[in-house]
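Single-letter residue listing:
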Amino acid sequence: MNTKHRVFASLASVALLASLLSACGKSSDSSSSSSSESSSGTSSSSSAASSESDSVKKPESIKLMVDGTFLLKENGQDIIEKGYEDLYGIDLIINQPAHNEYYEKVDLAFTTGDIPDVLILDNRRYTSYAYNGALYDITDLYEKSEIKNNITDQGLIDAIRLDGRLYGIPGSRGNGTITYVRGDWMKKLGLQAPKNYDEFINMLRKFKNENPSGLAPNEVIPITAAGLVNTEYPLDIYLREFYWTATPDFVKRDGKWVDGMTQDDMKQALQRMHDAYAEGLIDPEIITNKTSTCRDKFNAGKVGAFNYWAGTWNLNLYNNTVPNVPDVEVTPIPSIKETYYIERPAVAVCITSACKNPEGVFKYFLSTLADGKEGQQLWTVGVEGKTYQKEADGSLTFMPTIQDPTKPFTKTWFEPTLLITKWAPNMKYDERITNSLSMFQSNMKIYPLPPYSKALSDYGSELNSIKAQYIANIVFGDYSVEDGIAAYQKEAASYVESILSELNG
Amino acid sequence: MFAAKEKERPPKRSFAYIKNKIYRDRLYYLMFLPVAVMTILFYYLPMVGIRFAFYEYTPFKKEFVGLDNFKELFFGVMSKNFWRAFNNTLFLSIVNLILATIISVVLALLLNDLKSRKIRGGIQTILYLPHFMSWVVVSSIFLIILSPQGGFINNILGFFGTEPIYFMANKKWWVPVYLFICRWKDTGWGTIIYLAALTGLNPELYEAAEIDGAGKFKQALYVTLPGLMTTIITVFVLNLGKVLNIFESVFVLGNDQVKEVSDVISVMAYRIGMKGADYGMGTAIGLFKSVVGLVLVLITDEINKKIRGSSLL
Chain W
1 MNTKHRVFAS LASVALLASL LSACGKSSDS SSSSSSESSS GTSSSSSAAS
51 SESDSVKKPE SIKLMVDGTF LLKENGQDII EKGYEDLYGI DLIINQPAHN
101 EYYEKVDLAF TTGDIPDVLI LDNRRYTSYA YNGALYDITD LYEKSEIKNN
151 ITDQGLIDAI RLDGRLYGIP GSRGNGTITY VRGDWMKKLG LQAPKNYDEF
201 INMLRKFKNE NPSGLAPNEV IPITAAGLVN TEYPLDIYLR EFYWTATPDF
251 VKRDGKWVDG MTQDDMKQAL QRMHDAYAEG LIDPEIITNK TSTCRDKFNA
301 GKVGAFNYWA GTWNLNLYNN TVPNVPDVEV TPIPSIKETY YIERPAVAVC
351 ITSACKNPEG VFKYFLSTLA DGKEGQQLWT VGVEGKTYQK EADGSLTFMP
401 TIQDPTKPFT KTWFEPTLLI TKWAPNMKYD ERITNSLSMF QSNMKIYPLP
451 PYSKALSDYG SELNSIKAQY IANIVFGDYS VEDGIAAYQK EAASYVESIL
501 SELNG
Chain Y
1 MFAAKEKERP PKRSFAYIKN KIYRDRLYYL MFLPVAVMTI LFYYLPMVGI
51 RFAFYEYTPF KKEFVGLDNF KELFFGVMSK NFWRAFNNTL FLSIVNLILA
101 TIISVVLALL LNDLKSRKIR GGIQTILYLP HFMSWVVVSS IFLIILSPQG
151 GFINNILGFF GTEPIYFMAN KKWWVPVYLF ICRWKDTGWG TIIYLAALTG
201 LNPELYEAAE IDGAGKFKQA LYVTLPGLMT TIITVFVLNL GKVLNIFESV
251 FVLGNDQVKE VSDVISVMAY RIGMKGADYG MGTAIGLFKS VVGLVLVLIT
301 DEINKKIRGS SLL
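Quick note, the sequences are listed as chains W and Y, same order. Here the first sequence stands for residues 1 to 505, where the numbers follow the numbering used here. Here the second sequence stands for residues 1 to 313, where the numbers follow the numbering used here.
Hints may contain errors.
Simulated pairs of lysine to any residue, SDA-like, Cα-Cα distance not exceeding 20 Å [unchecked claim]:
no., chain 1, residue 1, chain 2, residue 2
1, W, Lys356, W, Ser61
2, Y, Lys275, W, Asp122
3, W, Lys195, W, Thr245
4, W, Lys454, Y, Phe70
5, Y, Lys171, W, Ser480
Just the calculated beta-carbon pair ranges, DEER-fashion [stated by the list, open to error]:
no., chain 1, residue 1, chain 2, residue 2, range
6, W, Gly214, Y, Asn155, 17 to 23 Å
7, W, Thr231, Y, Lys171, 17 to 23 Å
8, W, Asn319, Y, Thr234, 55 to 61 Å
9, W, Leu215, Y, Gly227, 55 to 61 Å
10, Y, Leu157, W, Tyr429, 44 to 50 Å
11, Y, Trp83, W, Gly133, 32 to 38 Å
12, W, Thr231, Y, Leu157, 29 to 35 Å
13, W, Gln154, Y, Glu163, 53 to 59 Å
Since the hints were made in silico from the structure, they are not lab data. Please read all numbers here as calculations on a predicted model, not as lab measurements. A virtual CB, placed ideally from N, CA and C, is assigned to each residue, including glycine.
If we strip away everything but chain Y, and leave its shape as in the complex, we get (with noise of 0.2 Å):
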């Protein structure tokens, strides 16, 4: 009679079970529920938006084409111009990628070592402005800096006797300065999280480490590195995922001259797109992108798993 008055608990993953807990914790989903909507309503919904790819979607015309869009892009027409931009995208973002992680780590480790906190607070500051400006501020000052006209640079050439160089339009040129002015903007504020991961670094290690005769390098390369290094993968895992989302930077800082090298396919979407109007083919362009920065993503995540036993997925 008494085990007939004791309350009987559902079996775990019962509905039952789930509706009680739910219920038990009801004010921590109703808080969780803005956050649901917000993410339903700008994450998910616009989705819906991806079937464009498969139509032919214009001012004039909404007509589902099934994947022409794609053979076009892939064998059609356009096919010469999409695969130089996809090269040029892939290129791009893979060598700035790479140059990020290995200069915003070892600037980090640098930082990390300055004893004076007022000086490396500055430091880190004069570091950071840069990536507040936009991109269109960026490129202006680069365009004054390189001018084959009286720029700086040039300037500085020219007093060790050397022709101006017109760098914004000289292929050869394009690349090496693009890709150090995106980590003139941006390596300072790459750093933030290693330096966070860094005041995590159990500083016993260091204190035996030092015991054992390692200088300031040994210390660097056997005990920060390797204690970085699950920041690293993730943050470049991460990174990868947006690889090929460059536009704003490449949009600003090329042109005709350069195109070969500086065409990538955001910009090759925006132009089919929003310029020429042809949503479909935008919409196409878009998704392929998305869909190769997903295998990326994969890609990287299954070498992680190999290398560390781990995944971050």
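Isolated chain W (complex conformation) (with noise of 0.2 Å):
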């Protein structure tokens, strides 16, 4: 090695193993800084709750996990945060990975045992966690707490038992979908809300056949979905209108659990999906449609009939048409006679067996939810000068966000609209809002909470894989009813009979 060689190699080697260094440096410098930041938090004093002198230890720091739902970072969250602080001197560390990895991180945080204190749970994960013994059940402590008398409906409470036992408590309801129709179209054709799936297909024909707007039969979609079936629970939650009483999913019928997917009425539930997709009545591209893609395809005012989020959606799908549209007007049906919408469960906001103080967790933040006070008032519209403001008749206004000044906040975490308590922050809504889902609330059915098994926990992903499958292939025409039945049967007996076998055990 000549001495030009030895300097470079010397210089070459320093600096790279000072890039590495350096890189693994920084990480350790911010988990170091987010620890430190937690230990400040924890000395700073409180308010509404430090009063309050029981036996309850009050926590430190609360390590919750959540998803897109809650206020996000870049839009504010640290405000939700430090408003948390001041009210409750509780440091709240908030994990929020992003919307649609969400269930993937927290399955993944459970089995690396980086475990939260508090998270949200959909119905499918709620039941499995706490079947598994990975929640607190808060039985006992709801039932003794102030929140229970704050709650309207302990049905949406009692929708959420698992053998009677409760290990989470929802901050809103679990809300679905109802079906919106182009009301300029029903007024320029005459049409008053179907009432039946005969007059309902009758709307589709004469939106397309007949379209008000101009539009050829080939250039009107009457009604479009993103896919043929939900791709979680329920399964069945879109298209009602052909669904009626049929659910591709395991159903409990005469006391025994099914498979939804061979019943009679799923058959003819596909019979309808299938002459009305040739009929072109449903959107061709149906199988490849996201739900943006449903959304911008009605938003350019191609779309007769919609079913979609009740409440807050109807305003955001008004508001996205009408610069295409002028007069537009997206209007919310009751369900037709022969089916109902979809209440989901509520998403459960749970505690975790691994919380090392339950008690002071559900008082200082589980309670909070639903206390008709202050921290209710935190989650849904925020912190006053902040996220929201007062108007001079005492009403409240969400202010604009931080991301996109054009638009305001329209929630921190719970939508104000579907609180499931006595209190509600008072602010005015859009009409077009209360309406939609006043009229979802009086055609739904809260559906009960997905069964647990093993099997299905194994196997559920693939099964519910080959049942989407088969509805697409039947309801393309590639398969008869009968013959598509037969083959789905054949495909995915050694599953349904394995998940059943369980079930039924």
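Reassemble the complex: the two chains are provided individually, in unrelated frames, and hints are given to aid placement.
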């Protein structure tokens, strides 16, 4: 090695090592700073709850895992974190993965042992996590708490009880989807809201063949949806006018669990969907649609009917369509007589079994979700002067968001229109929101939690994938209903048998 | 006495000899250290996770189950879906690989024959661009182009009186469309290595061929292709190792209607491992895929050794 080589090699190796070490140093720095934030946070004083003195020890910090329904970091999450600390003197450590990866990250957190104190869980995981002992049983705490009296409809709580036990409480209703139609088209065609299936199909035909906007039949999408079957429980939440009472899920009939896919009502539903698709009444691209593509098509003024979330989405659909179709009316319709809309059991906020101070977390966190006071105010409208402001008449209005000052906040965590307590913020809502919600609630049925079994947990995702495949194959005409169900039964037999033997065992 | 003073060299392969050599080249070894550390950290250490293939590994259970995951995959409830995904993976990957090799070589030969460097540069840039698009964007573009409702292709077909075809939801059309999209995206990128190899071919060989009366086609056949053969086989073998890794493209272009022909091993592993949180089973599927990839590489290398007399590994 000559001198030049030595010098070059020394410099290069020092530079490479330095870059490697600096990368490691950065990660250790960030982790240490987060822990120091946490310890400094615990020393801050409390206001609202500190005066209460009882045997429940106040936690110094609470680790919360939430999805994108909580205010995003880039949209002022710190305001809520600080607001919570000011109220209760507790450091709230929020872990908010990307919305579409939330449940993957929850599963990973439990697998790796990095378990939060509190997290939100959808129906399927709530059941699975509770049965596997991953959640703290809050039944006794809830029964003795004040929030029980604040919650107006105990049916919403009962809907998430498992064998009578409670493992979480909802911050808001589960909500569901309602069918929106082009009210302006209905008026121009002289149509009333359809009362039964025949009237509904007739309405779609008229949208297609006598389109009042002058669209040619091949340009109109009489009804659209993001797939023929939902990817999460409940599988039959969309296309209610076709499913009626059918569901591809496992369902209890005459006291026994059966595969909904092979029941007579499901066969009839498949026949209805097949016929409507063949006639061009269902969006030809339904199988490749995502919810965003459906919304885009609706906003472009091509769609006649679209089953989507009740409440705020009525206003959103209107606001996004009106620039393209100035006289648009986005009208929610009651469910047709053969069916009902579905309200999912609410998403539950749960304390994990790994939480070291569950009583403290229940009192200082879960109870605040339905306290009818400053806690609930924080989780719905946020902090005065930051996310909302008081008007002269005493009502509250949302302030512009940080991310996009042209748009106001709509919530900080739970939608003010979907609260489950007597208390609600003094806000004025667009009548589209309140109308669609009240129509939904008077036409819906709260679905029960999905069943749990080890086999269902192991094979559920694969079996749902097979179900979705055969539903598509039948609707697209690759099979007749009878042949398609027979082929499905042949392919899915081993899955279904092992699941049903456990559920009925 | 003089001989005793002379420094004795340790015999080669002895520990002292290696130690001396390492000490002499210590700065080179130091320079290599970060690379070694990175390789161990990011390539070898994660391999410890392979053990999960022999566990029931879920958020609630970590229990050694031996070969149960593999038995379930090969012969159990999931076996039918697994073997279908396996067959689809092999078919889509190998056809894609063969097409990629042929089209990239032909394109490289055509590009190499362009006289104007400016035109060649321009065409190369246009060809490379799709490679840098994410699969999500590519999927959106083709869903729009191939839409049965006013899509560009169906508009052309409509002009000739043909009924619209829902290409992405038709089992007969999905495979050719998928292969076409893959080639549209990556063929340009695939030509880079071949173009580099072409610049290394001896121009005298072409002059000699020309004197012997060989035209452009014969020159390509008898000079260029034999000259490129080592590169072609090397690239083919390297790609064969990754052949079963198709995920993103199928994930974004597939749908329920075409699952019979589009479901592949990686998507199944994602569905079971990540969506279903059965990490043990997901790892078992991944491990099986890696073993098959390794076997394919070894077989190809063996064939290459038999034909050309040299090994690439």
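A quick look at each hint next to the structure:
With a C-alpha separation of about 11 Å, the suggested pairing of Lys356(W) with Ser61(W) holds against the 20 Å cut-off. Note on Lys275(Y) and Asp122(W): the hinted pairing holds, with a Cα-Cα distance of about 14 Å set against a maximum of 20 Å. Of the pairs offered as hints, the one joining Lys195(W) and Thr245(W) holds, with about 16 Å between alpha carbons and a cut-off of 20 Å not exceeded. The hinted pair formed by Lys454(W) and Phe70(Y) meets the criterion: a straight-line CA distance of about 18 Å does not exceed 20 Å.
A C-alpha spacing of about 17 Å is found between Lys171(Y) and Ser480(W), which places the hinted pair at or below 20 Å, so the restraint holds. Roughly 20 Å separates the CB atoms of Gly214(W) and Asn155(Y), a value that falls within the hinted 17 to 23 Å. The supplied range of 17 to 23 Å is met by Thr231(W) and Lys171(Y), whose beta-carbon atoms lie about 21 Å from each other. Distance hint check: the CB atoms of Asn319(W) and Thr234(Y) are about 58 Å apart, consistent with the given range 55 to 61 Å.
At roughly 60 Å, the beta carbons of Leu215(W) and Gly227(Y) sit within the given window of 55 to 61 Å. Distance hint for Leu157(Y) and Tyr429(W): a CB-CB separation of about 48 Å, consistent with the stated range 44 to 50 Å. Between Trp83(Y) and Gly133(W) the beta carbon distance is about 35 Å. The supplied range of 32 to 38 Å therefore holds. The supplied range of 29 to 35 Å is met by Thr231(W) and Leu157(Y), whose beta-carbon atoms lie about 32 Å from each other.
At roughly 56 Å, the beta-carbon separation of Gln154(W) and Glu163(Y) lies within the given 53 to 59 Å, and the hint holds.
The earlier numbered hints are all upheld by this structure, with none contradicted.
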